[in-house]
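Student: Two chains, two frames, some hints: make the complex.
Which chain is which? The protein sequence lines are S and Z, in order. The letter at position 506 of the first sequence is residue 506 when you use the UniProt record's numbering, and the numbering goes up by one with no holes. The letter at position 483 of the second sequence is residue 483 when you use the UniProt record's numbering, and the numbering goes up by one with no holes.
If you're looking for bench data, these hints aren't it; they were derived computationally from the structure. For clarity, every value in this text was computed on a predicted model and none was experimentally measured. For every residue, glycine included, the Cβ atom is placed at its ideal position computed from N, Cα and C. Certain hints may be false.
[Stated by the list, open to error] If you only want the chain S side, here are some residues facing chain Z, beta carbon under 10 Å, derived:
# : residue
1 : E18
2 : G20
3 : F21
4 : L24
5 : N25
6 : H326
7 : S407
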Amino acid sequence: MAVRESHQETSGTPDPIERGFATLNTLRIGVKAMVEKDGELRKAEILSMKQRKDTPSFYVHYVDFNKRLDEWIPASRIDLSQEVEWPFPEKNEKNRKEKTATTNNKAQGKNQAQKRARADSRDISSTPDLLTGKNINVSKAQRPSKAGGKENREDETPVNSSFIGSEAASVAGTPRPEFEDVDMVDAGYSDSKDMKDEENGMEMSREEEIEKLRTGGSMTQNPIEIHRVRNLNRLQMGKHEMEPWYFSPYPEFFSDVDLVFIDEFCLSYFDDKNCFERHRAKCTLVHPPGNEIYRDDYISFFEVDGRRQRTWCRNLCLLSKLFLDHKTLYYDVDPFLFYCMCTRDETGCHLVGYFSKEKDSAEGYNLACILTLPQFQRRGFGRLLISFSYELSKREGKLGSPEKPLSDLGLLSYRQYWREVLVELLMQEGRESVSEYELAMYTSMTEKDVHETLLVLNMLRYHKGNWIIVLTDAVIDLHNKRLEKEKIKGIRKIDPARLQWKPPVFTASSRTWNW
Amino acid sequence: MTRYGGMGRTRPKKLTSKASIPVVREDQIDLIDDEVQSAIQQVETGVEKAEESEVHLQAAISAAALGKVSEANIPTPETVLSLIRYDELYPPNFSQPATYIRFSSTVEDCCGCAYHMVEEDNVFLKIMNQKRDASIQCTVDQFEEVMNFFEETAQLRQPFAAVDNPPALSYSEMEESFDVVVEDSVKRFAKDIYEHWKSRRIKNDNHPLQPALKFETGQETDDGDPYVCFRRREVRQIRKTRGRDAQSAEKLRRLRKELEDARQLVALVRQRELARKEMLGIERQIFLQRSEVKEMKRKLGVKDDDEDLINQKPKKKPVEVPMFQRPVVPQLRIPQRQAAEDLQLLEDVQAEKENEILRDIKQNLAKHVKWNEGYVDITMAPLTPSPKKTTYAGFRPAITTQLPTPPSSDSSGNANDSSSEGGLRNFADRYDSPVVEMDDDARKIPSFRRRIGRGGRIMIDRRNLTYHCKMEIDPLKLDRFKYDHDDVDDDLVFERDQYDIQIMQHRASMTVKAREQVALAREQAVQAHAQAQAQAQAQAQVQIQRRLQFDHATASASLGTGQTMGSNPGVGAMTASPVT
Ligand SMILES: [Zn+2]
Numbered sequence: 001m002a003v004r005e006s007h008q009e010t011s012g013t014p015d016p017i018e019r020g021f022a023t024l025n026t027l028r029i030g031v032k033a034m035v036e037k038d039g040e041l042r043k044a045e046i047l048s049m050k051q052r053k054d055t056p057s058f059y060v061h062y063v064d065f066n067k068r069l070d071e072w073i074p075a076s077r078i079d080l081s082q083e084v085e086w087p088f089p090e091k092n093e094k095n096r097k098e099k100t101a102t103t104n105n106k107a108q109g110k111n112q113a114q115k116r117a118r119a120d121s122r123d124i125s126s127t128p129d130l131l132t133g134k135n136i137n138v139s140k141a142q143r144p145s146k147a148g149g150k151e152n153r154e155d156e157t158p159v160n161s162s163f164i165g166s167e168a169a170s171v172a173g174t175p176r177p178e179f180e181d182v183d184m185v186d187a188g189y190s191d192s193k194d195m196k197d198e199e200n201g202m203e204m205s206r207e208e209e210i211e212k213l214r215t216g217g218s219m220t221q222n223p224i225e226i227h228r229v230r231n232l233n234r235l236q237m238g239k240h241e242m243e244p245w246y247f248s249p250y251p252e253f254f255s256d257v258d259l260v261f262i263d264e265f266c267l268s269y270f271d272d273k274n275c276f277e278r279h280r281a282k283c284t285l286v287h288p289p290g291n292e293i294y295r296d297d298y299i300s301f302f303e304v305d306g307r308r309q310r311t312w313c314r315n316l317c318l319l320s321k322l323f324l325d326h327k328t329l330y331y332d333v334d335p336f337l338f339y340c341m342c343t344r345d346e347t348g349c350h351l352v353g354y355f356s357k358e359k360d361s362a363e364g365y366n367l368a369c370i371l372t373l374p375q376f377q378r379r380g381f382g383r384l385l386i387s388f389s390y391e392l393s394k395r396e397g398k399l400g401s402p403e404k405p406l407s408d409l410g411l412l413s414y415r416q417y418w419r420e421v422l423v424e425l426l427m428q429e430g431r432e433s434v435s436e437y438e439l440a441m442y443t444s445m446t447e448k449d450v451h452e453t454l455l456v457l458n459m460l461r462y463h464k465g466n467w468i469i470v471l472t473d474a475v476i477d478l479h480n481k482r483l484e485k486e487k488i489k490g491i492r493k494i495d496p497a498r499l500q501w502k503p504p505v506f507t508a509s510s511r512t513w514n515w
Numbered sequence: 001m002t003r004y005g006g007m008g009r010t011r012p013k014k015l016t017s018k019a020s021i022p023v024v025r026e027d028q029i030d031l032i033d034d035e036v037q038s039a040i041q042q043v044e045t046g047v048e049k050a051e052e053s054e055v056h057l058q059a060a061i062s063a064a065a066l067g068k069v070s071e072a073n074i075p076t077p078e079t080v081l082s083l084i085r086y087d088e089l090y091p092p093n094f095s096q097p098a099t100y101i102r103f104s105s106t107v108e109d110c111c112g113c114a115y116h117m118v119e120e121d122n123v124f125l126k127i128m129n130q131k132r133d134a135s136i137q138c139t140v141d142q143f144e145e146v147m148n149f150f151e152e153t154a155q156l157r158q159p160f161a162a163v164d165n166p167p168a169l170s171y172s173e174m175e176e177s178f179d180v181v182v183e184d185s186v187k188r189f190a191k192d193i194y195e196h197w198k199s200r201r202i203k204n205d206n207h208p209l210q211p212a213l214k215f216e217t218g219q220e221t222d223d224g225d226p227y228v229c230f231r232r233r234e235v236r237q238i239r240k241t242r243g244r245d246a247q248s249a250e251k252l253r254r255l256r257k258e259l260e261d262a263r264q265l266v267a268l269v270r271q272r273e274l275a276r277k278e279m280l281g282i283e284r285q286i287f288l289q290r291s292e293v294k295e296m297k298r299k300l301g302v303k304d305d306d307e308d309l310i311n312q313k314p315k316k317k318p319v320e321v322p323m324f325q326r327p328v329v330p331q332l333r334i335p336q337r338q339a340a341e342d343l344q345l346l347e348d349v350q351a352e353k354e355n356e357i358l359r360d361i362k363q364n365l366a367k368h369v370k371w372n373e374g375y376v377d378i379t380m381a382p383l384t385p386s387p388k389k390t391t392y393a394g395f396r397p398a399i400t401t402q403l404p405t406p407p408s409s410d411s412s413g414n415a416n417d418s419s420s421e422g423g424l425r426n427f428a429d430r431y432d433s434p435v436v437e438m439d440d441d442a443r444k445i446p447s448f449r450r451r452i453g454r455g456g457r458i459m460i461d462r463r464n465l466t467y468h469c470k471m472e473i474d475p476l477k478l479d480r481f482k483y484d485h486d487d488v489d490d491d492l493v494f495e496r497d498q499y500d501i502q503i504m505q506h507r508a509s510m511t512v513k514a515r516e517q518v519a520l521a522r523e524q525a526v527q528a529h530a531q532a533q534a535q536a537q538a539q540a541q542v543q544i545q546r547r548l549q550f551d552h553a554t555a556s557a558s559l560g561t562g563q564t565m566g567s568n569p570g571v572g573a574m575t576a577s578p579v580t
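Looking at chain Z on its own, in the form it has when it is part of the complex (with noise of 0.2 Å):
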């Protein structure tokens, strides 16, 4: 970013892009002569070189120079107002919708027939029509389906026609191509119209009717022709391998096991909605049936324990179990939780109480570990030891992930704030029984662990730490490690826009500042202290996500008081000493 403006005789100082220039008015400079002549030459206009020198662009190039811009002016081919009839075949029938427009239609879906008559075509429909009888005249827009019709299968049937010139389709090849999309109308009148359309094709050396775009053909001719337009990109071309042959047939098999599974599935599914019908088919006739006896025992005067009338526990089971595991389908649902209040059972009731005696113990557990929220129960068997499978003593091992697109802008601000209050959160829920499995890699993993000692003071505890004074070291295992030395010079990074206009602005108005700084050392010592206190914030906020490590004298005493001062750290975390 370094460039030499002006010529001047002595060679002018670097002008890098973020040096801040002065800006003064025109008198508050001497005019030296020399430095007048700046150097507008030197400037790349971006115009082809060839038309650089055009008379008219030259002429606005130095009026604009001079400041007269009204008279940088380049003549152009005049427009004039068109004598079209333009609001009939432009009708005002637009109204703007209240919210922005979204639209996907193309221009294919909005033209409705893609033929147009011409008057060719109008004179013939004329007097096709006057042969005709009046009930089944043709219309033109049913006359261009025709004609629309025979220029697309020709097109499909004959794609090369423009290449090797075969004849017109026949009729008989016409008729062949219908199939159910083809309307009615174009089958009643395409026998009419189909010599108009050859007569019209064979004077066109049986070319389409519509002017069309050149497109590439792929002969020797494409490509000095002007006219062959919009040629597709080059496909990139995959190198065809046996490895790549059987992953793509690897793939083909996969995604046709996947499509025939679900096929299946909704094969399954279907069977399992008729069974459930038939069940429901057959619990409506034995309740019918039931009520009958019913009405039969009152008659006749049975008195017995009406076994008979209610559902037996076996044959029960099967109508509860899918209940549950299928609770999509609520409307199956309702007709059977009422046919259970009806006929309650005694397993039921029971099951019932003791749901509520399991909830009360859970209340209470709930209760618990509210009481001891922020404590560590390392009583043997806690009553609360927290359900989560952590690092054992709360010790977070420093493992580095890649995080995939850095968060959106929008969102950063957030996103900072919850995952510091998260992170405080779940520290209280990690402090459970000292006994978590972990395998030997994980356990040398350096680790680290906040907690709040007294006084609300933050602590760090370490463990797992490599001295980097070591002198053979696996190179693999350096370069693993390659990034867990504070760099001081390094600055912290937050999540943001870089370029939100704010920012840029903020960023603007800082660098300002900062030189003003320069000159006012003392608000310089003031702002460098704002600063240094603003990092050391941060860093205790990111400290736990971070791979740190503190081999500060004053961190290692830190840590020290806070073992004597703050809560047991558990068993493994005792000593503060790296302990690999």
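Excised from the complex, chain S in its bound form (with noise of 0.2 Å):
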């Protein structure tokens, strides 16, 4: 089997689709089926399945929609008059499923394990933090498969993951316990994984991702935990309700409850209206648990050290998880800083988004995670936020660029900051010529940066044998568009005047280490 893929994939012939027509009890994990989505018919694959209240609803996945917008649907929703792509193991999604590929034998035991506390759910909810110190071994461990990913709602139903195989097929839709036992499915792939690594040789394995995660600080993950099922419904917070994006680590029971509660000011998280309010009248904090560093008129930042206020930073990790598909709460959050931005009424200063930093980062990373809380976006907060994180890269007297992978909105957001940044330069009365070091310097961009930028806005051009900077009439005219805005709303940026810090100190082992 694995050679036959091997070759298959070497010779780039694309894998032949298995089609066919499905009824609503053939439908299975793994299958991409038609999807009315907003009054169109998008191809979806199916996630995950459940039966409320004895019809089923489907967790599925829009291709080439981004995750955020994967949902629970009727079975009325899809088009089973149209015929479904079943899913093959061995073809299907090949991509990720080489990944899941690279966990080898061990994954049977561990599946197995998985598979039991899964069996009650709450069985290993309550570890106990005394715990945590003893070491994990880094080269044993290995990341949640898809399938384990995937599964997250085994309390209603056996849930797998899109790749698992046909014998899944047998019993798919009729949901039964030993259901489950087709995760082992993935375990076989393990007879190809040497193949496929060679094939594969710049996929990362999980053994070097986990030490990547280690050592590195990253707080961004590769694409092995993509398409995991939602867990949260519902999110209240402050003035706001919300509907979360991604999965988020938090209590494995609140995927049971309609709506969860998140105090606004301590972050703290409750899936029991009764437990809000008697938080709420207990808790004394109005503004992130750190330090002002900037407050202008309009907003104020607060450094929060991730060691000093672990709660404080978890909660904020776990809730920014919910909108940020690539972050991962793998590790602890002792190595960053956070960089909270608030507005300030008279309840308190009110977290409309932050960002996070490593204190040491060795890539030179000046910003690792960034996010406008939903409730507040499209109103110019990304932009100060990016504005802000070159502000203390111009402190820290360093050239920054964010860690990657960007988001969608994280990449628009950038792009548009460094379009509206370089331009503003170019556009200087009297400025003749500039080269890419010195646009980094004013910017604390890196050079690359500054390169990309110029070249994804077409202004950098090879003229008559000579290099150019061409100031289009589109970027141009984006500006003045931009300078008139500004007239009419007034002008949102960070005044580096008000910016009161310097770069923080760590030793080597009050960076990482606890202690």
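Tutor: Shown next as structure tokens:
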């Protein structure tokens, strides 16, 4: 099996996809069907299923849509008059499957243990903190496989990942406990593991990835964990209610409640309204628990140390994981500083967004994760956050760049910021020439980011044997529009004079370890 | 930093990051079709590969490429206003302080009791209070305290409850955990609430009642569990060796000894203060008895030398000596001094006078030093030898010192100023008698001295220089003097913040200017001249601190004249040629 497959892969032949008509009863996880979305039909993959009062419900991911648009839908929205694509264990989703394949035979035992644990979802939910002192053997540690990643709703449904194979077909749609055994299928791939690894030398193994996490302190993750089913249903925070976008490891049974309450100031979480109200009666926090390092008429920034404010920063990370796909909470918050942007009123300083930053980034990143809370998005806060991160870099005397991967929203925000900053410099009176190095020095952007931004904007061109920077009409137009808008709405920007901050200094041990 | 941008037919020139690129408007160039097609595709987005193809992102990227940023919209789930009674839950009590907030309390500090009541508890509490007398009702807060106590105790006593599922703690076990910290209210209501707690715990498989995150258990299941979060970063394994063990043992021993010393010190201080208190008591007694004696003498008409009314010398000493040694206790010293004024001793007066004379002499000496400032007194037994032990004849050996971290940017300017001034002042001080003991090694180190000759010329004397054309040199020594040679290409390094925004701007503008000079040769010459001047100036400033070698003929010439015209540099430095 493995040989045939790898052969196909190298020859580049597209995999034949098995199509056919499905009924409600033969629909299973991994099936790609046409689903009605906003009045249109769109191909979507079934990631999970459950019975709600005898009517099945499907969790679908729309192909080429961001995961945040994944949702539970009733069967009525699936168009069964069209053929569906059946999942093939060997061919389907080659990319993801291969990564899973890197989990070797140990995965089998692991999965069994996992399954046992799942039988009672609370069984191991109350892990005492006292145990955390124990070292984990990182070399053996394994990433949650995709199978593990997707099964968030086992209480209700036997859920399996999309690639688990055709054996699943026989029992699909008829939940019964043994169904979970199909999880083991991904262990069967271990046969083909070595070959796959050779082919995909570029792909990061799980071990490598963990090692990278451990040493780099990176909070982003690679796509192994994509396509997880969202676990929280709805969120109440401050004056708003919203839908989470992605999975976040809040206590497991939070997935059973309709509404999770988040305290706006301490970011504590409650599955019970009574609890939440009792907490509010006692809670005295009115701003992020750190030092205010910036204040203007509009916003304040607080610097919060992950090591000193472990609970708050964990709460923040749990919350932001709901809206950041590529954030991982695999490791603790110690090596990060959190720069929290707040608006103020008579009730306190309300968190609107934040970015985290490694205390000591080996790669020279000036930002790890960035998030404007969804209830405050599309109001220019993201630009302020980005701008602030560069202000800090200027104060540090460093050039910086955000950690990759960026989210789609992150990419757009950054590209906009970079464009605005560079165009503003280039439009300066009497500027006749400039080097990328100079632009980097002025902005604290890396030369690479400067260069690429100029390329993306089609401003850096090779003209008659020389490099030139062209201020295109489009770019000038955007610049003028922005100036106009600022004239009307007022300029919101970071005033470096109001930043009371010196780059903090950490000893090697306090950066990472807990002493 | 070499990149190729556009594709074109011909391979484009290298673009280095420091190359200055002309900035033009679109209408200033004639568009050539090929060139419009720039290389947007080769720029990495930094977005996860699997997501790059997403419909909305692609739409947004192409909209941005066309300059229609407003159309770049990625749909997100909507947010709505909550129906929660916000004003009740978040009271408007915040007033912003005038200064930036500084805050270090943790969430736990700010949230009171960690247990929060649920509806089930409410019902139970109501029933419980109904059964109780009005005077001993249990409040909600007290109830939560008790529940919190149970939860914490259970956590403490059964930390592995999640793994080995023990039965819920019994009440007697709870009682064992009562200690001084536990409030009375907890003790009072504990028994009544215990059964409620136990039943809830049992219903919950003896797991904590409040939702908790999943941390590592150290079990295999951790790895694949997406709910396990915030793992500790692995602690570096320190290899265990006997040496390391001994080291830690030694450290602990030292720590213990230091703590013991500190304890001892405190005990001794206490002892001393007690003794002092006792002494004061006795002194007071003496005073009272003396005044009685005085009264008595007066009454009885006794006339003698009143020796018995004043402190005798041997008696006084032990009082005075500790006083001088410990000026830390002024409140004790004051009464002492008053007593001394009352009863002045001849010895004291004499000592005072002697002190006055000494002070006079010292003052004259100081005046003399002042007159001689900038001059060297090399007469035998000079009146104003500098008390400082210096290298002989003001020569300073060129010793490499490793500075720790560079000083911070904002103080660097001042540091430069003060060091040059300070250098001058020290310079004057250093001219004292040419007899300074130095060990052999120090004598061999190349040394320099700067002095000011007539007309304010600055001269540098040197000694102990090695010839670097010597063929056979100890490689070790060679290494030691590796950096002694002036590297002509080397720029002088000044302490400054490389990335200070002003400096960055300045630097950028400087490079622009420098380019303009290529066209304007004349200007360049002027600039170069100015630069050379500045460099020379700077060089003069740092010469004393730097290890320099003067091999230029000009330098030795000036040294030569300096020798004849300047003040006598002292025995050891009569010749300007190296004396190795
Ligand atoms: Zn709170």
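Student: Which numbered conditions among the earlier hints are violated in the structure presented, ordered from lowest to highest?
Tutor: Hint check: 1, 2, 3, 4, 5 fail, others pass.
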